[in-house]
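Novice: As a plain string of letters, each chain reads:
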Amino acid sequence: MYKQGIYTVLENAPLTASVRRMRLGGDTQWIVRPGQFVNIALAGKFLRRPISVCDYDAESITLIYKVVGEGTAQLAGMLPGERLDLLTGLGNGFSTDNDARRPLLVGGGVGVPPLYNLAKTLLAKGLPVQVVLGFNTAAEVFYAEEFRALGCGVTVATADGTCGVKGFVTHALPDLDFDYFYACGPLPMLRALAAATVCDGQLSFEERMGCGFGACMGCSCKTLTGHKRICKEGPVMNKGEILW
Amino acid sequence: MIDTSVVLSGLRLDNPVIPASGTFGYGQEFRDFYDLDILGSFSFKGTTREPRFGNPTPRIAECREGMINAVGLQNPGIEHVIAEELPRLREFFHKPVIANISGFSVEEYAYCCERIDRQEQVGLIEVNVSCPNVRHGGMSFGTSPEAAAEVTRAVKAVTTKPVYIKLSPNVTDIVAIARACEEAGADGLCLVNTLLGMRIDVARRKPVIANTMGGFSGPAIFPVAVRMVYQVARACRVPVIGCGGVQSARDVIEMMMAGATAVEVGAANLVNPYACKEIVEALPAEMERLGIEKLEDIIGIVE
Numbered sequence: 001m002y003k004q005g006i007y008t009v010l011e012n013a014p015l016t017a018s019v020r021r022m023r024l025g026g027d028t029q030w031i032v033r034p035g036q037f038v039n040i041a042l043a044g045k046f047l048r049r050p051i052s053v054c055d056y057d058a059e060s061i062t063l064i065y066k067v068v069g070e071g072t073a074q075l076a077g078m079l080p081g082e083r084l085d086l087l088t089g090l091g092n093g094f095s096t097d098n099d100a101r102r103p104l105l106v107g108g109g110v111g112v113p114p115l116y117n118l119a120k121t122l123l124a125k126g127l128p129v130q131v132v133l134g135f136n137t138a139a140e141v142f143y144a145e146e147f148r149a150l151g152c153g154v155t156v157a158t159a160d161g162t163c164g165v166k167g168f169v170t171h172a173l174p175d176l177d178f179d180y181f182y183a184c185g186p187l188p189m190l191r192a193l194a195a196a197t198v199c200d201g202q203l204s205f206e207e208r209m210g211c212g213f214g215a216c217m218g219c220s221c222k223t224l225t226g227h228k229r230i231c232k233e234g235p236v237m238n239k240g241e242i243l244w
Numbered sequence: 001m002i003d004t005s006v007v008l009s010g011l012r013l014d015n016p017v018i019p020a021s022g023t024f025g026y027g028q029e030f031r032d033f034y035d036l037d038i039l040g041s042f043s044f045k046g047t048t049r050e051p052r053f054g055n056p057t058p059r060i061a062e063c064r065e066g067m068i069n070a071v072g073l074q075n076p077g078i079e080h081v082i083a084e085e086l087p088r089l090r091e092f093f094h095k096p097v098i099a100n101i102s103g104f105s106v107e108e109y110a111y112c113c114e115r116i117d118r119q120e121q122v123g124l125i126e127v128n129v130s131c132p133n134v135r136h137g138g139m140s141f142g143t144s145p146e147a148a149a150e151v152t153r154a155v156k157a158v159t160t161k162p163v164y165i166k167l168s169p170n171v172t173d174i175v176a177i178a179r180a181c182e183e184a185g186a187d188g189l190c191l192v193n194t195l196l197g198m199r200i201d202v203a204r205r206k207p208v209i210a211n212t213m214g215g216f217s218g219p220a221i222f223p224v225a226v227r228m229v230y231q232v233a234r235a236c237r238v239p240v241i242g243c244g245g246v247q248s249a250r251d252v253i254e255m256m257m258a259g260a261t262a263v264e265v266g267a268a269n270l271v272n273p274y275a276c277k278e279i280v281e282a283l284p285a286e287m288e289r290l291g292i293e294k295l296e297d298i299i300g301i302v303e
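Chains as they are written, first to last, in our numbering: chain A, 1 to 244; chain B, 1 to 303.
Hints are computed from structural coordinates only; laboratory data are not their basis. Model, not experiment: these values are computed from the prediction. Be aware that one or more of the hints could be misleading.
[Stated by the list, open to error] 27 Å max Cα-Cα, derived DSSO-like pairs, lysine-lysine:
id, chain 1, residue 1, chain 2, residue 2
1, A, K66, A, K3
2, A, K125, A, K222
3, A, K66, A, K125
4, A, K3, B, K156
5, A, K45, A, K239
6, B, K95, B, K294
7, A, K222, A, K239
8, A, K166, A, K222
9, A, K45, A, K3
10, B, K277, B, K294
11, B, K206, A, K222
12, B, K206, B, K95
13, B, K277, B, K206
14, A, K45, B, K277
15, B, K206, A, K45
16, B, K95, A, K3
17, A, K66, B, K95
18, A, K166, A, K3
[What the hints assert, rightly or not] Below, a sample of chain B positions facing chain A; criterion: calculated Cβ distance under 10 Å:
id, residue
19, P51
20, R64
21, F104
22, P207
23, V208
[As the list claims (entries may be wrong)] If you anchor each label on the Cβ, the simulated ranges turn out as follows:
id, chain 1, residue 1, chain 2, residue 2, range
24, B, S144, A, P188, 26 to 34 Å
25, B, S144, A, G25, 36 to 44 Å
26, B, D32, A, L10, 53 to 61 Å
27, B, D201, A, L79, 26 to 34 Å
28, B, A176, A, P188, 45 to 53 Å
29, A, T223, B, D32, 18 to 26 Å
30, B, D173, A, P188, 44 to 52 Å
31, A, T225, B, S105, 42 to 50 Å
32, A, N136, B, H94, 16 to 24 Å
33, B, P51, A, A194, 48 to 56 Å
34, B, T172, A, A194, 45 to 53 Å
35, A, N238, B, V302, 55 to 63 Å
36, A, L10, B, S9, 29 to 37 Å
37, A, N136, B, D201, 39 to 47 Å
Beta carbons are placed, not taken as given, at the ideal position from N, Cα and C, and that holds for glycine.
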């Protein structure tokens with residue numbers, strides 16, 4: 001179920017030079033799983049902007065977004081107290097309804113945020129949670145401390161080696177013991193991760209969207225289980241159904 | 001007493017507001033948002049004989065006052081629509097629906113229209129000869145008067161319900177094509193489909209859309225649509241459904257004054273899922289403001 005609503009900016013602050021965290025107050029009842037997203041209407045922009053939900057509680061939503069274009073730059077300029085029109089409850093999100101005992105969460109860049117609420121959900125089930133966070137360089141690292149504060153084991157990988165393991169997230173895998181994984185990040189990372197793991201997992205994909213709620217067929221992809229809309233049957237897919 | 005009803009070839013609609021094909025799926029995605037029975041009707045996703053995946057992604061590009069799509073007629077195929085989508089639709093939509101049919105040959109158009117014509121829920125058939133996003137089909141039938149007339153004749157020969165031809169604006173003389181369809185027996189016309197457009201990602205020096213070009217829609221095209229509806233409505237006797245960039249009750253009225261009997265709303269549904277509901281609800285007050293009692297009275301009122 002998804003709904004439209006008006007939300008108030010509570011906080012909108014930088015985490016790194018280009019990544020910001022926005023907290024919005026409003027009705028969160030339509031968000032039911034980690035890994036879902038919201039679609040934000042911006043004044044003067046025709047299409048909404050889809051952003052994954054980092055975290056939510058009874059009355060607020062936390063979004064982490066990267067300023068990549070005009071729309072996100074506009075979002076970055078919003079001040080506490082300003083209002084935004086959102087569609088919430090979009091996408092299938094991650095399913096934690098499985099037998100995994102040692103889950104690994106792997107995030108790359110702005111693929112990291114949706115793993116935060118997922119980590120909370122898994123920890124609440126009493127599972128130990130390990131997290132691998134991949135970035136280009138030390139200055140781009142965010143949320144490593146927040147995951148540690150939840151009680152997760154955290155490994156950071158940077159492509160240039162300026163923080164943590166040198167290389168990609170897959171370079172951190174040999175030292176970790178896991179029986180299932182959840183991932184969100186750029187397509188090459190997801191592809192490499194699926195190839196480097198023997199266990200099953202869920203991966204969250206990104207695509208340019210029109211509506212975000214399944215009407216326009218703008219974000220379709222082919223899978224082993226048929227045609228899927230990233231916004232509706234996705235963004236999360238099981239490793240076994242993905243056509244790389 | 002304000003009267004918003006209109007008649008399309010014997011089919012009476014409570015109001016002229018119709019979500020346009022390709023922006024409303026088969027209704028499912030909107031049922032959580034509002035009661036679809038408030039609509040005049042809706043035009044379902046362009047359907048072909050075989051299931052189609054459509055074009056590679058990205059299929060969508062943002063534009064000032066609009067968007068480009070190059071979906072490429074993704075649909076589950078006519079048999080799936082008849083077996084699965086129409087029965088599901090019956091649960092939450094209780095009015096005659098508009099069946100949008102597309103194809104890659106005259107035979108395919110005729111086959112699909114004949115199949116859909118037999119479905120009780122279908123009130124009107126909209127033949128899409130104007131999809132800009134597929135090769136050797138769609139728009140290639142809608143850019144020549146002869147080809148458009150040939151499709152019209154073939155469909156009319158095998159159907160009993162009103163047949164409306166959805167026309168492309170990507171032509172030199174839309175009136176010539178509209179007249180050819182009318183002479184071939186079309187019961188009505190729907191215009192316009194999207195305008196062929198393109199965006200370039202200047203940082204990557206590549207088209208934004210994988211298919212390079214796509215159909216441009218949204219409020220930016222509204223004046224083009226009004227102009228073409230005006231030209232066609234003056235030149236033809238059959239009813240015209242106006243389509244292109246409609247966002248408000250006032251736009252609906254403007255389109256009707258240009259000559260439209262009913263009005264389709266497309267891209268607006270994708271950014272505001274309540275767009276059609278808001279238009280339907282705003283229509284009576286807007287009519288009152290403009291001194292219109294009976295909406296049918298203003299069709300083509302502009303000289």
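Novice: Now look at each hint and say whether the structure bears it out.
Specialist: Each hint tested on the structure:
{"no.": "1", "hint": "K66/A <-> K3/A", "verdict": "holds (24 Å)"}
{"no.": "2", "hint": "K125/A <-> K222/A", "verdict": "violated (33 Å)"}
{"no.": "3", "hint": "K66/A <-> K125/A", "verdict": "violated (31 Å)"}
{"no.": "4", "hint": "K3/A <-> K156/B", "verdict": "violated (42 Å)"}
{"no.": "5", "hint": "K45/A <-> K239/A", "verdict": "violated (35 Å)"}
{"no.": "6", "hint": "K95/B <-> K294/B", "verdict": "holds (22 Å)"}
{"no.": "7", "hint": "K222/A <-> K239/A", "verdict": "holds (13 Å)"}
{"no.": "8", "hint": "K166/A <-> K222/A", "verdict": "violated (34 Å)"}
{"no.": "9", "hint": "K45/A <-> K3/A", "verdict": "holds (20 Å)"}
{"no.": "10", "hint": "K277/B <-> K294/B", "verdict": "holds (20 Å)"}
{"no.": "11", "hint": "K206/B <-> K222/A", "verdict": "holds (24 Å)"}
{"no.": "12", "hint": "K206/B <-> K95/B", "verdict": "violated (45 Å)"}
{"no.": "13", "hint": "K277/B <-> K206/B", "verdict": "violated (38 Å)"}
{"no.": "14", "hint": "K45/A <-> K277/B", "verdict": "holds (22 Å)"}
{"no.": "15", "hint": "K206/B <-> K45/A", "verdict": "holds (22 Å)"}
{"no.": "16", "hint": "K95/B <-> K3/A", "verdict": "holds (25 Å)"}
{"no.": "17", "hint": "K66/A <-> K95/B", "verdict": "violated (45 Å)"}
{"no.": "18", "hint": "K166/A <-> K3/A", "verdict": "violated (43 Å)"}
{"no.": "19", "hint": "P51", "verdict": "holds (8 Å)"}
{"no.": "20", "hint": "R64", "verdict": "holds (7 Å)"}
{"no.": "21", "hint": "F104", "verdict": "violated (18 Å)"}
{"no.": "22", "hint": "P207", "verdict": "violated (12 Å)"}
{"no.": "23", "hint": "V208", "verdict": "holds (8 Å)"}
{"no.": "24", "hint": "S144/B <-> P188/A: 26 to 34 Å", "verdict": "violated (45 Å)"}
{"no.": "25", "hint": "S144/B <-> G25/A: 36 to 44 Å", "verdict": "violated (57 Å)"}
{"no.": "26", "hint": "D32/B <-> L10/A: 53 to 61 Å", "verdict": "violated (27 Å)"}
{"no.": "27", "hint": "D201/B <-> L79/A: 26 to 34 Å", "verdict": "holds (30 Å)"}
{"no.": "28", "hint": "A176/B <-> P188/A: 45 to 53 Å", "verdict": "holds (51 Å)"}
{"no.": "29", "hint": "T223/A <-> D32/B: 18 to 26 Å", "verdict": "holds (24 Å)"}
{"no.": "30", "hint": "D173/B <-> P188/A: 44 to 52 Å", "verdict": "holds (49 Å)"}
{"no.": "31", "hint": "T225/A <-> S105/B: 42 to 50 Å", "verdict": "violated (31 Å)"}
{"no.": "32", "hint": "N136/A <-> H94/B: 16 to 24 Å", "verdict": "violated (55 Å)"}
{"no.": "33", "hint": "P51/B <-> A194/A: 48 to 56 Å", "verdict": "violated (27 Å)"}
{"no.": "34", "hint": "T172/B <-> A194/A: 45 to 53 Å", "verdict": "holds (51 Å)"}
{"no.": "35", "hint": "N238/A <-> V302/B: 55 to 63 Å", "verdict": "holds (57 Å)"}
{"no.": "36", "hint": "L10/A <-> S9/B: 29 to 37 Å", "verdict": "violated (54 Å)"}
{"no.": "37", "hint": "N136/A <-> D201/B: 39 to 47 Å", "verdict": "violated (21 Å)"}
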